[in-house]
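Protein chains in written order, with the working numbering: chain Y, 235 to 468; chain G, 10 to 324.
For the record, the hints were derived by calculation from the structure and aren't laboratory data.
Think of the CB as a built atom: it goes at the ideal place given N, C-alpha and C, for glycine as much as any other residue.
Mixed in with the good hints there might be a few duds.
[What the hints assert, rightly or not] Under 7 Å between C-beta atoms, here's a sample of chain G residues computed to sit facing chain Y:
id: 1; residue: L94
id: 2; residue: M97
id: 3; residue: T186
id: 4; residue: Q197
id: 5; residue: V201
id: 6; residue: S203
id: 7; residue: G206
These are the residues of each chain, in order.
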Amino acid sequence: MLEVTGLRVAYGGIQAVRSITFHVNEGETVALIGANGAGKTTTLKAISRMIGIAGGDVHFCGEKIVGIAPHDIIRKGIALVPEGRGVFPRLTVLENLRMGAFLRDDKDGIAADTERMYGYFPRLKERADQLAGTLSGGEQQMLAIARALMSRPKMLLLDEPSMGLAPIMVQKIFEVVRNVAAAGMTILLIEQNAKLALESSQRAYVLESGEITLNGESAALLHDPKVRAAYLGE
Amino acid sequence: MDISLHQLLQQFPQQVVNGLVQGSIYALVALGYTMVYGIMGLINFAHGEVVMIGTLVAITVTGLLAAAGMPVGIAGLCGLVISILSCMAIGWSLERVAYRPLRGSPRLTPLITAIGMSIVLQNLAMILWGRNYMTFPPLLPKVNFEFAGAYFTLVQVVIVLLSALMMSGLVLLVYRTKLGMAMRATAQNPEVASLMGVNINRVISAAFVIGSALAAVAGVMVGSYYEVAHYQMGFVLGLKAFTAAVLGGIGNLVGAMVGGILLGLIEALGAGYIGYFTGDFLGSHYQDIFAFAVLIVVLMFKPSGLFGEKTGDRA
């Protein structure tokens, strides 16, 4: 479904991502793991057109998405949950969800999806009229995921959903991520928490200094001595 | 000569009326500054010139139509509409030509460009309309009212009501429509707003176009209130409206409205009473001092303004 070939990204002469190639099949959850600064977020930003690329190609559903405008990415069916959540702090929770459905015009469908999100995250329903900036970090993460789902995407890109959250909150968030995946969503997951990422995905790629050094079945990588040594603290 | 306190108190309602009228105009112009600042962090110093062009276009169109035999009321209405459309076009082009190419450059660059555009528009107006003062045709019959010791004209009533109407409309637009929601979202986080499918360029254009429409209405108001217009009239008016926006907290819509009205009142009361408090050493022609004193005081003690969020880089 998503095919990234030879993607290169440079920041002012520094190669943040050097020619990486990977793909995500329909219905699959694929994790991209690696240390801080390995180029994970850069890769996601490049796919979602928030930053320009230095070379390579990105295809989504067979269509080249490299040259399109950033605001057209969601039209193609790709929804990004950005690093640091990126909720609109002075919009209410409900307004944030409506922003997720910005390109949709079907009022009934939007209302039904809003209820569906409240089903995933009952906390959001309680706080529907509260400004998003007043939510806790975990609640903001829930909101960011729900907002992305409101566009009815074909694929979800998750950037560090566990970042800065209490373990219990991380469990809750990942439970929903797994439910969404089980319902058929294609997911590209970026995580520093390698154990969590490998446990929640079918396949994974390991990114080191802007290059993919390992890839394979998540279950196998979980037992790979190199991965265990470098990312699972053994 | 000494004026008694009693007389001063008698003047008070009149000064309040004058302040409200002037303040309504400031508020409309201040909204244009604040909307653009809120969304892109730019102070569009050319905004005052858009007001000026709004006035001059209205004079020309109304004059031509009235000369062609149209009743002056209807000619004035056409003048207003064409002035609004022209200003919208100017606001849109301003952003397209002058500011968009500078997106992402250091903050000082678009600011200097804004001052440059202000000079360009002023000179353009000078070439088109000349250097002389022009008289604005009286659009409304001269009817006077009296209420609680204050006298006011039909023009003043219409100015206050029309600005209240425009401001309510704007609030509805920003808080009740999808475009308004996109504008607020873009102001808070443009990068994420574009991830949601919002075309940032369109939102910015909309802010310029709406602000310029309000500026045109304000321009026609100023024209019909003072009945004169001049190619340089936009400069001081723009600075004062900017002051009003800063007073209310730049980037904040309600702030711009309250700041505008408040500045009008401060000016009117200040000008009305300065003579008394300085023993006639300073007269009401020192009116402009108040606006800029307010600007300095706000910037010194509360740079985020009355309704501004914490002093940050952006509202």
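Status of the hints after comparison with the structure:
| no. | hint | result |
| --- | --- | --- |
| 1 | L94 | violated (28 Å) |
| 2 | M97 | violated (23 Å) |
| 3 | T186 | violated (11 Å) |
| 4 | Q197 | holds (5 Å) |
| 5 | V201 | holds (4 Å) |
| 6 | S203 | holds (4 Å) |
| 7 | G206 | holds (4 Å) |
Violation of the numbered hints given earlier is confined to hints 1, 2 and 3; the remaining hints are satisfied by the structure.
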